[in-house]
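Participant: One letter stands for each residue in the lines below.
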Amino acid sequence: MAGLTFSPEIRGQFSAIARVRWQLFINSMRTIRGRMEIVARGFTFLAFGMGGIVGSIGIGFAAWYFIYSGKVDWLPVLLWPVFLFWQLVPVMASAFTENVDSSNLLRFPLSFPSYFLIRIAYGSLDPSTVMGSLWLLGMTVGIAFASPVLFLSAAPVLLLFAVFNILLARMLFTWAERWLARRKSREILGVLFLFMVIGFQFIGPLVRHYGNRSHQPAVSRVFAEGLPIERLLPPGLAGQTIAHSLRREYASALGSFALLCGYALVVLWLLNLRLRAQYRGENLSEALARTAAPADRQQIRLGWSIPGVPGPVSAVLEKEIHYLSRSGPTLFTLVMPVVVLLIFRLSPGKSDGAGGLLGHAADLAFPLGAAYTLLILTNLVYNSFGADAAGVQFYFVSPVRFREILLGKNLTHSLVLAVEMVLVWVGASLMYRPPPWEILLATVTGVFFALVVNLTAGNLFSVYTPKKIDLGALGRQRASQVTALVSLGIQAAVLGLCALAILLARAFHHIWLAAIIFVALAAVAIVIYFLVLKRIDAIALQRREAMIAELCRA
Amino acid sequence: MNASAPLAAPAIATEHLTRRFGDLIAVQDVNLRVAPGQFFGFLGPNGAGKSTTIKMLTGLLAPSSGRMQILGIDLTQDSVEVKRQIGVVPEGMALFGRLTGSEYLNFVGRMYGLDRATAAKRTAELLDFMQLVDQPKALVTDYSHGMQKKLALAAAVIHGPKILFLDEPFEGVDAIASNTLKSMLQNMIARGATIFLTSHVLEIVERLCSHVAIIHRGQLVAQGSLEELRAGVEAQAAAALNAAGAPHEIGASAPGEKLTLEQIFLRIVGGTRRADQELSWLG
Chain A
1 MAGLTFSPEI RGQFSAIARV RWQLFINSMR TIRGRMEIVA RGFTFLAFGM
51 GGIVGSIGIG FAAWYFIYSG KVDWLPVLLW PVFLFWQLVP VMASAFTENV
101 DSSNLLRFPL SFPSYFLIRI AYGSLDPSTV MGSLWLLGMT VGIAFASPVL
151 FLSAAPVLLL FAVFNILLAR MLFTWAERWL ARRKSREILG VLFLFMVIGF
201 QFIGPLVRHY GNRSHQPAVS RVFAEGLPIE RLLPPGLAGQ TIAHSLRREY
251 ASALGSFALL CGYALVVLWL LNLRLRAQYR GENLSEALAR TAAPADRQQI
301 RLGWSIPGVP GPVSAVLEKE IHYLSRSGPT LFTLVMPVVV LLIFRLSPGK
351 SDGAGGLLGH AADLAFPLGA AYTLLILTNL VYNSFGADAA GVQFYFVSPV
401 RFREILLGKN LTHSLVLAVE MVLVWVGASL MYRPPPWEIL LATVTGVFFA
451 LVVNLTAGNL FSVYTPKKID LGALGRQRAS QVTALVSLGI QAAVLGLCAL
501 AILLARAFHH IWLAAIIFVA LAAVAIVIYF LVLKRIDAIA LQRREAMIAE
551 LCRA
Chain B
1 MNASAPLAAP AIATEHLTRR FGDLIAVQDV NLRVAPGQFF GFLGPNGAGK
51 STTIKMLTGL LAPSSGRMQI LGIDLTQDSV EVKRQIGVVP EGMALFGRLT
101 GSEYLNFVGR MYGLDRATAA KRTAELLDFM QLVDQPKALV TDYSHGMQKK
151 LALAAAVIHG PKILFLDEPF EGVDAIASNT LKSMLQNMIA RGATIFLTSH
201 VLEIVERLCS HVAIIHRGQL VAQGSLEELR AGVEAQAAAA LNAAGAPHEI
251 GASAPGEKLT LEQIFLRIVG GTRRADQELS WLG
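Line order of the protein sequences matches chains A and B.
Under our numbering, read the first sequence as residues 1 to 554, first letter to last.
Under our numbering, read the second sequence as residues 1 to 283, first letter to last.
In short, the hints are calculated from the structure, not lab data.
A few of these clues could be false.
Claimed, not checked - Covered by chain B, according to a simulated footprint, are these stretches of chain A (three or more residues, beta-carbon under 8 Å): (1) 305-316; (2) 399-407; (3) 515-526.
As the list claims (entries may be wrong) - Some chain B residues close to chain A (C-beta under 10 Å, calculated; not the full set): (4) Y112; (5) A124; (6) A177.
Unchecked claim - Beyond 10 Å from chain A on every Cβ pair, some chain B residues (computed): (7) I25; (8) G66; (9) V157; (10) L202; (11) E257.
Here a beta-carbon is modelled for each residue, glycine too, at the ideal position from N, C-alpha and C.
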């Protein structure tokens, strides 16, 4: 245990950080907005906590059943989803993941091990960590109930598996942050991703080709052939260690455990590389990747001119596009709808493996992708000034009305959504099949209605509950918790209305009827949008102090 | 010394300007008058209300009560028209960190209503003047503090404002850049612009400003030309010396010597606080 004790200086630093975070939490309750944030955060934490607890009961019961009924080899079936959830969620939903700015810590005489531990500890309350830990705890309890003796060997294995997951999630996050920060690596990732999407066109024919060679269904065949590989991967290894222990095959158990330790050490080393670079004061700046052009090559560049759009509005649009195009994390988030379609395409579905989860309803691929696109735009639309930070002061000292500024931002978000919709359409068409025209029409009109509603609400929330974000760093785009909760409520309401319209259209056996309903709803939403836009100058003036205080804070 | 002669059409005028933050009165009953073409220094100790006043004058903060007129236009009635006439370098500099310097100036120019060609031309001229052309692709967030200050100043003047509000413009700026800024500001004054600046560097204020106001604990305690302020303080000092047993106060000059702005400032705001306690643990 001697190695785990910390020097008084390190203990002092840890307790100082804990104390200052607690003090910040207490101080945040001084304002109404701060109290609302805490309530909203409480709700979010409760939701994730409930998911964790309910999931842990389910997983615990399943683990108990597997051990009790002698199906110990099935444990990886539980460990794989935990592993995938733990690793994919922080990257896919980076808005929910906390990524602190370490530069504030680096000015203190902090040793690297202390810095390392603090960075790990900061992410300990992420939804994926909380839920994953609870699920593994449930699993441990389930195993203990089924076989108290096995608990002694299962507990350290699952603990190691949890540590491995924590380290791997942090490692993936820090490396993704590194890759997304630079334009060149971002472009390489983009090209690889494009190849991957196109490559999936070949999966169906390949699976059918190999599936036809034997009487065995393709998925079962792939599963059987993949099992030896699966056993060498961390979730398989963790399951194998427990299974070997139950069978008293201690040498094999030790071997699997050692291999799992090896994985953890490799991940630790890779994480160490990133964190050490940060500790040395690494600057992941976009500009550093570029070379300074000679002064004589400096040319006068004209700003954008968009026909029919007033100068200030197109200036805002141009500025917003510059911001988005330089934000690796945002671009990464924007490709997520296509990634989700890809995941659905990959997942086991029909027996021939040709359709994935949407195998029976390929026409839904486009509407689902479009709905997900709307969801990920929430962070941008509901916190329009978040990335402007201190720049928001300029809006208040410039002779441009807030309605024009928001119009420019709304135009940008609409443009992004349009591009996203095209990408989703291309993705859905390549991976599944092009959606029928009536579904295409209903989806486009439905998304248009939802967009107008979201822009209206987003403009209000951008002014009422802004939150400073950093578009340059992964995991620092989290909007205010109040905004996140309310926007989810609005999305649910919009989705409910859309579902109602589709049900109505289906009752009449004409899906295109839904499009007419959506157009009518959008017309009402547009009226409300302009009414809000008309009032937004007065609201912004009334809220200017709170906005500036929040967005200009260090 | 508080009341200089009223001017016909002040560039900046406030009447009973007051701002409260809960129970705290940050600015109380401030009556300012700045004539067109003046280089006006607004001074005060930390927390005196300088930034609060400049924020109210530029539309970043609403006053609790009182009136403000910029070039004869009521700021609360027609804020957009006022904003067209003024340029501002606020406390936080109001920069957009993820744009390049050139993109930022272009953006600001167009927001002030300049056409694309003019905005681009002035952007190139300003970047050249401020010696910011060396790193055309660097993002503003990667600029040094001094470079950011220069960029903020360039943005504040791109539309040729009639009044320039500067909150601590020389803070963190090197000597070369400081000289560039000073000459630019003096040229603006020569062409008839009005400049209202706050600064803690009293030597610079003394060298640049023709008129000064001092705010202390939210109240305007002095306002006028440097000579008027000096005369007032000297008169007070003479009266104090005539009184029997009067101590030699901090900030007093030797007989026959002209009082510096620093001495005037210390006399007015009562700079009697000293580092009485010795911090023995300091190396």
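Participant: A separate judgement is required for each hint: does it hold in the structure or not?
Facilitator: Against the structure, the hints:
{"no.": "1", "hint": "305-316", "result": "holds (count 6)"}
{"no.": "2", "hint": "399-407", "result": "holds (count 3)"}
{"no.": "3", "hint": "515-526", "result": "violated (count 0)"}
{"no.": "4", "hint": "Y112", "result": "holds, 6 Å"}
{"no.": "5", "hint": "A124", "result": "holds, 5 Å"}
{"no.": "6", "hint": "A177", "result": "violated, 17 Å"}
{"no.": "7", "hint": "I25", "result": "holds, 16 Å"}
{"no.": "8", "hint": "G66", "result": "holds, 17 Å"}
{"no.": "9", "hint": "V157", "result": "holds, 13 Å"}
{"no.": "10", "hint": "L202", "result": "holds, 26 Å"}
{"no.": "11", "hint": "E257", "result": "holds, 42 Å"}
Checked against the numbered hints above, the structure violates hints 3, 6; every other hint is satisfied.
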